[in-house]
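Line by line, the protein sequences give chains A and B.
In terms of this note's numbering, the first sequence opens at residue 1 and continues consecutively.
In terms of this note's numbering, the second sequence opens at residue 1 and continues consecutively.
Just so you know, these hints were derived from the structure itself, not from any lab.
As the structure is a computational prediction, the values presented were derived from the model and not from experiment.
Note that beta-carbon positions come from the ideal geometry of N, C-alpha and C, so glycine has one too.
Be aware that one or more of the hints could be misleading.
Derived BS3-like pairs: lysine-lysine, alpha-carbon spacing no greater than 30 Å straight-line [stated by the list, open to error]:
hint : chain 1 : residue 1 : chain 2 : residue 2
1    : A       : Lys-36    : B       : Lys-9
2    : A       : Lys-56    : A       : Lys-98
3    : B       : Lys-41    : A       : Lys-70
4    : A       : Lys-57    : B       : Lys-22
5    : B       : Lys-41    : A       : Lys-98
6    : A       : Lys-98    : B       : Lys-19
7    : A       : Lys-36    : B       : Lys-22
8    : B       : Lys-41    : B       : Lys-22
9    : B       : Lys-53    : B       : Lys-18
10   : A       : Lys-70    : B       : Lys-38
11   : A       : Lys-36    : A       : Lys-98
12   : B       : Lys-22    : B       : Lys-38
13   : A       : Lys-36    : B       : Lys-41
14   : A       : Lys-57    : B       : Lys-9
15   : B       : Lys-18    : B       : Lys-41
16   : B       : Lys-40    : A       : Lys-98
17   : B       : Lys-22    : A       : Lys-70
18   : B       : Lys-19    : A       : Lys-57
Here chain A is said to cover these stretches of chain B; the calculated rule only asks that three of the stretch's residues, wherever they fall, bring their Cβ under 8 Å from a Cβ of chain A [to be verified]:
hint : stretch
19   : 20-31
20   : 68-77
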Amino acid sequence: GQQVMQIPQYQHVQEGEDFTTYCNSSTTLSNIQWYKQRPGGHPVFLIQLVKSGEVKKQKRLTFQFGEAKKNSSLHITATQTTDVGTYFCAGRGSGAQKLVFGQGTRLTINP
Amino acid sequence: DTEVTQTPKHLVMGMTNKKSLKCEQHMGHRAMYWYKQKAKKPPELMFVYSYEKLSINESVPSRFSPECPNSSLLNLHLHALQPEDSALYLCASSQILSGGADTQYFGPGTRLTVL
């Protein structure tokens, strides 16, 4: 079945440093979504990417969808303590009914 | 209103108990989901309802029984659970099951402990 791999599993940075998490699918995706889960919280939708090569920005966050629609990345510029949490990618295979979540990248920040 | 509500927030139950988790949304969404999440793991899909009909059952043990009484409500009935079923149970909804309108809105979850 479809698999979505996400790396790294953990990332610890100093406040102000950049952070990137990568997501790779075993199959071509129709779309990819990113969610953030704060410690003790629930996943919150950040963004959806649909088009090949798509790049979207939300303030300090930049999301990319690969040309082959099999990989994606989330880059945070100049991290802040409010960025702490686990970032999940979730992809839907072409024609598939369900969203498959990556394992998540847990971001911790040293203030 | 972009809120999915879940009750109770916490639940402790014995292995012989019967309990139910409840989920509600008033966004007019026609797809609703139950996920199970263990610590430091991603949400694991259990069930999906689309237009009040069960569309996906991820081979979940029968001690978990979902119910969708109407388009706004989703229940998860629990019976004879095991300690390893202790987890955060998340409900989510989306406009529809697939296509471009499948962004999922998660509720705050019910933290379940089985003794």
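Does A:Lys-36 pair with B:Lys-9 here, judged by a C-alpha cut-off of 30 Å?
holds (20 Å)
Take a quick look at whether B:Lys-22 and B:Lys-38 sit within 30 Å of each other, Cα to Cα.
holds (19 Å)
With a cut-off of 30 Å on the C-alpha distance, tell me whether A:Lys-57 and B:Lys-22 pass.
Distance ~36 Å between A:Lys-57 and B:Lys-22 Cα, so the pair is violated.
Starting from B:Lys-53, check that the Cα of B:Lys-18 is at most 30 Å away, please.
This hinted pair holds, its Cα atoms lying about 23 Å apart.
Hinted pair B:Lys-41 and B:Lys-22, Cα distance within 30 Å:
Roughly 23 Å between the alpha carbons, so the hint for B:Lys-41 and B:Lys-22 holds.
For the pair supplied as a hint, A:Lys-56 and A:Lys-98, confirm whether the alpha-carbon distance does not exceed 30 Å.
Holds, at roughly 23 Å.
Agreement of A:Lys-36 and B:Lys-22 with the hint, judged by alpha carbon distance not exceeding 30 Å:
Roughly 23 Å between the alpha carbons, so the hint for A:Lys-36 and B:Lys-22 holds.
For the pair supplied as a hint, B:Lys-19 and A:Lys-57, confirm whether the alpha-carbon distance does not exceed 30 Å.
Violated, at about 44 Å.
Do the alpha carbons of A:Lys-98 and B:Lys-19 lie within 30 Å of each other, as the hint requires?
Holds - the C-alpha atoms of B:Lys-19 and A:Lys-98 are around 27 Å apart, at most 30 Å.
Proposed proximity, A:Lys-98 with B:Lys-41 (alpha carbon, max 30 Å):
Holds. B:Lys-41 to A:Lys-98 sits at ~18 Å (cutoff 30 Å).
Compare the distance between the alpha carbons of A:Lys-36 and A:Lys-98 with 30 Å, and conclude whether the hinted pair is satisfied.
Satisfied, since the Cα-Cα distance of roughly 19 Å is no more than 30 Å.
Run the distance test for B:Lys-40 versus A:Lys-98: straight-line Cα separation, threshold 30 Å.
holds (21 Å)
Comparing the model with each numbered hint stated earlier shows that hints 4, 14, 17, 18, 19, 20 do not hold.
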